[in-house]
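Trainee: Kindly generate the complete structure, drawing on both the sequences and the hints.
Residue numbers (the numbering used here), protein chains in the order written: chain A, 1 to 485; chain B, 1 to 443.
Treat the hints loosely; a few may be bogus.
Facing chain A, a subset of chain B residues (Cβ under 8 angstroms, in silico) [to be verified]:
1. 92
2. 330
3. 431
In case anyone wonders, no lab produced these hints; they're calculated from the structure. Cβ coordinates follow ideal geometry from the N, Cα and C atoms, glycine included.
Here is how the chains run, residue by residue.
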Amino acid sequence: MKESVGTTGLILNESLLWEKGKKGRCGFSLPRRDVESCPLDQELTGKGPDFPDLSEVDVVRHYTRLSQWNFGVDTGMYPLGSCTMKYSPKTNGRQASLPGFATAHPLLPASLSQGALKMMFELEQYLAEITGMDATTLQPAAGAHGELTGILLIYAFHKKKGAQRSKIIVPDTAHGTNPASVALCGYRPVLVRSNKQGILSVEAVAEVMDEDTAGIMVTNPNTLGLFEENSQKIAEIVHAKGGLVYCDGANMNAVMGIVQMGKIGVDVMHLNLHKTFSTPHGGGGPGSGPVCVKSELEPFLPVPRVIEENGRYVLAEDYPESVGKVAAFHGSFGVMIKAYSYIRTMGPKNLKKASQLAVLNANYIKERLKGTLHLAYDRPCMHECVFSDEHQKAGKVTTLDMAKRLMDYGFHPPTVYFPLVVDGAIMVEPTETESKEEIDQFIEAFKAIVNEARQDPDRLHDAPKRCKVKRLDEVAAARKPCLAG
Amino acid sequence: MLYLPHTSEDIASMLQVVGVDDLDGLFSIVPEDCRCKGDLNLPEQLSEWELNDHMEALSHSMAVSPEYRVFAGAGSYEHFIPASVSYLLGRSEFVTSYTPYQPEMSQGTLQAIYEYQTLAARLLGMEIATASHYDGATALAESLLMAIRVTRRKKVATSSLIHPLYRQVVKTYFEPTGYEVVELGYLKNGVTDLAELDDMDDLAAVAVQSPNFFGCIENLQAVGEKAHDKEALFIASFTEALAYGLLKNPGSQGGDIACGEGQSLGIPRSFGGPALGMLASTKKFMRSLPGRLVGQTKDLDGKRGFVLTLATREQHIRREKATSNICTNNSLCALAAAMYMASVGGTGIRELARLNHDKAEYLKKELKKAGFTITFDSPTFNEFVVEFPDGFEATYERLLEKKIVPGISLAPYYPELANHYLLCVTETMSRDDMDALVREVKS
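Mentor: If you want it as structure tokens, here you go:
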């Protein structure tokens, strides 16, 4: 094995912000005062917040040091399953920070914001094409927000039909956001179990689908990295009883240019621009979760909608059946620019190629590690593969131990303990932007760790050793919460 | 392709390991009739340099400073952002990491968010703050739902001077729930009519925004007392977080929950998003909070460290019984706000807020002198309402041609306020800019 990239590196200590600084310092260039002072009534004014006073150097060193305690895709391979940690091209960030976009006010008259509206209009069309749907809203700010929007659309659809329904079918492989989004809209999630192959069977859905069920929410490819092969037949069953099919598009990175969900019975789906379309995750956001729909749901989309009139773009509000608004303004516009730039620089052929290579990378890892780790479902996977700690349990080594040890080898661990249907799950999603050499090193690292698990399990129990901190006590954090200093 | 590292040899050798003949063979589990026929109908790829030209052309059609002087606020404010903040925020260790599920490898994000929570709580005078939400509007909707969970009541009262677009978001979130929203009207001086609360019962919450949509400062103390008399939670909402550099904060006036938009704290307007939903509360409601929280803990050696905590509230554990469906915060926006608050500092934020207030007062005074009516006489911060004469639409269009955007028309949101405009001034406007606006609206 080549020397691993894991090392202690140059990690400096750094205190909390308010443990630094001195009264009277300032890291901000206060603008010139060219107007008279005009004091407010003392009844209205407070003491002002208790912020530390820091110089620009204090602030710059603080955050530079903090950043060095973090691992990102730019640092190394980040094979977090279901999160699609692909490389974020730098040119996309450049476009989002062009002053015309970055400093634009959201309520500018349409005549003064044609560029932004045109970009949004085109992005909506691109996403509709990629998903095979008819219309798109860009307003939702994250995947879960897209889910909520999608379920609101389903709610509005049934309400208009005059017969509201009470349930929505959610498979056991779903992300937790799915049942939570369903519940927010007053529906009761009905659990269906996936079959021995890890996918939904037509029979299982047929058994629970009835005329009180508003629809089904299916992640496809699912969180086991498997394609829901019965999706067309399932859609027929759901449609026959008047229900709608929601597709959680979190895993769309596997099927760009390969499957258009709208053509296989999906009525509404969300995409995660921060997964499939390369916008960076930012340590947990901001994301963007556009929702694409078939024409029967289009009247219910949030307002305002961008429309084209004689070559000009306007924001139209007049949609009486619209669900309303899910964000104050237009959604995560800055994120949309990055996704738009990505689609434009990739073009249709490279988008498809990206999906093919994402699937190739995942299957390659699956094949090369399946002798080392227990493979939950031994069949061709899509963009991710799911292992477990079944072979290590006897030696008292868990998924968590192996995940923590990977850090010492210089890799971010995969998603662990999800999906819930696999005990001790290790969910690996390499994405297409990892090269064969990088993946080979990851595989070698995992093999070495499994070897250590047999010979020296404590090395795993004590991991990580090379990060800024050792293993953290999460139980104590929750038992006696300290949320502010 | 730049971002696809595989050579044809790589592909061939990997396919061999997988045991399929070509890339199409990888998709054998996708039924034939599910697969696309032909290529996606998308524009052909652009080179990086072509993309630059294309995007610059689009961005040039936008009306932004310094070419334009935009006197519009209404929930999106122009403030100076120090180069140091933009520079630090661009560090890719922050930008390209995920939600910090593996804390040992994410201490940078975690400590930074813990510090954000602390500074946000201090700004709002509350005990704790969440790791952030999508925007001010969804933070308000989540706060109202939280109050409903806490009190087990099904009705909330919201001021009609909360940002109209926020109220639309609340309405959308509430539509399928069966919960009721009652709106409180406003008085002649531009503040919420609290007397309407007297006849209301069984309220989960009373929500009032200050400074309100007209820029007027509300008497939050009075709102808090009225709400608490009815055993309802008092939710203080805001769109201009910088105001609390100068004004009494919600916590000191009885706020149970403070929520709103933090875009003013170092985040570019970016046509309205991404934004920063801020949500803070008293400790009492900690376990009912929606969204992510970062807490302090220790590692095996007893060293200080930070983790995501109280996850049993959340969807990945509690699924349909979670306090919300939220899976992420707007982490990078929270980080920007923390960097900004740290840069401005306690002394600086006060002076900066004063300057914002004083500049807006200057324009208000000059417009008054020029004969225009300042509709509401309550004290304001940054924004205020002006009544222009009939036929002002033509003047508005003429000003746009002169590259001045003279505020936002209130008529679409408050039909009774025809010819009324909401104007905003921050530290970015010079006296000359304001004098030019007055000159132009007069002529």
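Trainee: Which hint numbers does the structure go against, in order from smallest to largest?
Mentor: none
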